[in-house]
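Residue numbers (the numbering used here), protein chains in the order written: chain W, 1 to 185; chain D, 1001 to 1597; chain C, 2001 to 2388.
Think of the hints as simulated: they come from the structure by calculation, not from any bench.
Under the rule of at most 30 Å between Cα atoms (straight-line distance), these lysine-lysine pairs were calculated in the DSSO-like manner:
1) K2171/C x K38/W
2) K2353/C x K1088/D
3) K1572/D x K1294/D
4) K1509/D x K38/W
5) K2150/C x K38/W
6) K2171/C x K1188/D
7) K1088/D x K2340/C
8) K1088/D x K1009/D
9) K1509/D x K1460/D
10) K2190/C x K2110/C
11) K2190/C x K43/W
12) K2261/C x K2353/C
13) K1582/D x K1293/D
14) K2190/C x K2171/C
15) K2130/C x K2213/C
16) K1592/D x K1294/D
17) K1294/D x K1582/D
18) K1595/D x K2171/C
19) K2277/C x K2236/C
20) K38/W x K1595/D
21) K75/W x K1507/D
22) K172/W x K2125/C
23) K38/W x K2130/C
A few chain C residues that face chain W, going by a derived Cβ cut-off under 7 Å, partial list only:
24) P2080
25) F2083
26) K2171
Chain C is nowhere near these chain W residues, computed Cβ spacing over 12 Å in every case:
27) S66
28) V97
29) K101
30) H137
Even for Gly, the Cβ is constructed at its ideal location relative to N, Cα and C.
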Amino acid sequence: MSRIVNQFTSHTQFTNHKQYFIKLKLEDYMSTTEVLVKELVEKNGRTRNSLMPVLQGIVQQEHYLSEEAMLFVAKELDLAAADVYGTASFYTFLDTVPRGKNIIRVCKTITCHMKGKDEIVNVLSNALKIKVGETTHDKKFTLLTANCLGWCHKGPVMLINDEVYPDLTPQKALEIVEEYAKTTH
Amino acid sequence: MSKYMVNLKINNMPIAVEEGTTILEAARKLNFRIPTLCHHPDLTVAGNCRVCVVEVKGARLLAAACATPVSEGMEVLTNSEKVRVSRKHIVELLLAEHNADCTKCFKNGHCELQDLASEYRIGDHVFLDLVRPESKIQDISSPSIVKDDSKCIRCQRCVRTCAELQGVSALAVVNKGDHQKISTFLNKPMHEVVCTNCGQCINRCPTGALTERNYIEEVWNAIYNPSKFVVVQTAPATRIALGEDLGIPIGNRVTGKMVSALKKLGFNKVLDTDFTADLTIMEEGTELLTRLKKALVDKDPSVVLPMMTSCSPGWIKFQEHMYPDLLDNLSTCKSPQQMFGAVAKTYYADKINIKAQDMIVVSIMPCTAKKFECERPEMRDSGYQDVDFVLTTRELAMMIKQAGIDFDKLEDEHYDSILGESTGAAVIFGATGGVMEAALRTAYEIVTGREVPFTNLNIKPVRGMEGIKEASIKIKNVKQEWSFLEGVDLNVAIAHGLANARALMEKVKSGEAAYHFIEIMGCPGGCLGGGGQPIPTSPEIRKKRAEAIYSEDEEMPIRKSHENPEVTEIYKHFLGEPLGHKSHDLLHTHYKPRKRY
Amino acid sequence: MENNLKKVDIIFEVDEKVTPIDVLDKTLKRAADEIILDLIDSGLKGRGGAGFPTGLKWKFTRNEDSDVKYVICNADEGEPGTFKDREILDRVPEKIFTGIAICGYVVGAKEGYIYLRGEYNFLLKTLQRKLDIFNSQLKERNFDFTVYLKSGSGAYVCGEESALFESMEGKRGEPRNKPPYPTVAGYNSKPTVINNVETLVYTTMICHMGPEKFKALGTNDSRGSKVFSVSGDTPKPGIYELELGMPLHEFVNEFGDGDAKAIQVGGASGHCVPRKKFNDTIIGFEGIPTGGSMMIFNSSRSMYNVLHDYLEFFTEESCGQCTPCRVGCQQLLKGIEAVKRGERPPAYLEDLKKLTATMKIAAKCGLGQSVGNPFNSIVDNFREEIIY
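Chain W extracted, bound-state conformation (with noise of 0.2 Å):
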């Protein structure tokens, strides 16, 4: 369940005082996600082609679209459920199962393979006591593998989130982990 938001978001602006009470009372009772979903369709859309970014935008904050995420966006867009659920899954960064807050994605791709990709997913599947696919019990991270990251002359590569690590050993790949554990709340 997601959290009930009480205060009002700062992108709605009012023009009177009766408009105000009667945004802040719905807003009262929406979820975050459902603020979320309508901040980003206001911002990209009310049109099929801002699915996509919409669909992002909800990856971006709450690493997964959840059923909840899904149907908030099927309404606000007048789509079927089935429709944004079939297009989310057509692509890889679209999750929706629940995910961590980091999600590594580690290139398995042929060049990476050629140069140990294979070591880095092992080290950090036995620090993270997760096989990949899996997701840390504190939430805290994900572990997967992807195909070609562009990044082939300096593999082994691993994207956390948006960033990239290319040049990895195991070493280095567990530094910068351990990293994002501590700074991850």
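Dock chains D and C against the given chain W, drawing on the hints supplied.
Same frame as chain W, but now just chains D and C:
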């Protein structure tokens, strides 16, 4: 505007066709059949199965005949070596990810993939079996539709049907690559999603991936059970399509043969949903006039217009999901099937001296949503489940085959009485516009004392296959008690197929059009194109079925519902009057909103 | 052996005196048809891999009668072994923006888009900042054109142009039937030019230096130069701009580690060239065309593993809609596994090769059509490694 003609050659035969024609269409004109799977005459072109690939001379790639428009000077080969090898490969690939357990499949003998495999004499599997074990677990959560992913060939006909024809999109393509499949929102079971149970996906599924939940064994068991009295009712649209599954050409009426076959199958009584269709007209017609009076004269704010028909259970569930705010617009009348069940287990059971608990009511329906409808909690007003089992037209054909009945040779027989008498007004319930026409024939006469002002009672403006039809009838010289309707233009609209229904609902919501009465049928063409009707379906097939329906109407001795003598009888001895107390208890109901999201 | 590899510096060259916006100013003063003629004259072909003449693409789109047209920069670089577009986006984005704007001017579009693959999201902020500056420069010049950034979300097939449009329209990235082609009906079903990142930079540079200088590079069939992404078993992996039409052995001499046994030219969907063919292979449209990926494998590498990696990639990244690709990729992958395990005889490889012939001509888009390239070139040249 005349189009350019394009000259091309197909298998060295010259032909000129209009610009924009596809290779597939052009080849058909020359009687070259190109196999297809993802292509369907009711749907947009997908071009994804690739079995229709043909060779275009000079082109590097084969062209999907269904998706490629002809061009000037094109030379097409539909059966070159390249084409044959590729096509065979493609069929083999489809079979590799298909649970080809054909003998155990409900669609055995009615499968387009099986036909192709047989045509190409696919012997030992060349390729590796890719069927995922988990895909073999069927989704039987819906009382109407069974989904079996292991039979799915990803042609997406169901997805396009659900989106384009029905505007529902309960089904979608999900995932990609080797995990791509047809599924629902978050892979939920079918009964938890916005599915209306219309079964149009079943009608267009080339394989056994989507089939009706069949109740054939349950019905046989009931028939064989000596302590049960099994009555069967047949919906209007079954009689003009059943023959298609039994070797009789499309567009032939088989009413008498169907009755005969049902008797031979062992049903204790063979009765007609058409009877309750007439009853529906009495109730719904009266409801319309009452609503008009309350709205126009009494200005009763609780009465909303337009009134919308409620015969189609796919439409009802659609409305519950998509337009819950318009539920009050629905007529409170139950569908003819459910009126029949309620009357059968009360009035009729009494008449023939059978206890309701010993009676089994079976329906033969052109519909899969009826299977869901009969299980609704609202449909137990007799004190029991009013209708016990619903069989599709297709399932009945299977039973007839199982019983070894030579359908074509059967002599015509008549429905049993009572609850077997009907009118032409009832039979046209099976076509889009039919309920409207039947209602107008009766309502107009109630109000004016005269027949509707159309030649031979045929209200042509409400007929035909246009997605949304509108008509207006001027009411003149009314009887004293209906004086408030004098000079009123009665505005009606008709939609069939839920995508059209959606468009019409949007018009109603926006206030763009003011109608008094709207007829909606969930399926394209109305019940004659229902999700339980023989497969295949196409605009041409539905046109022929409609012609058969209207010809049945014309040949009926009585063509107005209020003139059905058994209807008069039931009001006199049981119901009292339309919208009366008893009617209210047995024949009317209300629906509740469901979640769209 | 003497090395004749000619390194070129066009793409990344930074000229303080003539900035991209100067090139734009100069070009906007010219007639659109003249610019098209220059591009056609230059012989520039698309640098994404397919190699369609850029000038013609622009001409077709210009000739379409439509109020709305689009220019799209395909930055969905996803081909394994290719990373040159990322470098270009990182180092000389203004040259890309300029190419988009020139194209907009030529074809009569008001909107341009850059579709950036989700894997390159770390570039978004900087790109957006530079783009804002560029857009305001356009505004100052009263040139009614705006460039927007769109981002992908992890789907290789969206690099296929019609799949990219679908994705931009908020749908699953499934390639469309062709015809119609993008120049007639692309994004939002409007006439659209869609060019690769590198192509757009070359258009800017051809507008800057004239077609002659570009044309002087390369060969008759492969004019100009190209940015190569060099990876694998090489002492100097990275990005190199080289003249087209080079013999592969010269490339190997320059970049190999002395033990190269095969070069995968053109990424996972390209061709694998074994050592014995290095001498008679030309890199260019007359030989083996490439989107720029050159992966080098030395003798320590198992070519079975290489092929297995590729096939796994295609099996996962196929959009899944068409039969030859969806099922074909799985059959090829499971097929070599079965042969390796001895569950199928070596001769089964011939059945699979025949299957790739079907995929090549019957799949709906370039993805399925090209899976046979690595499959056949590896199976034919390294058959023992596949079987044993």
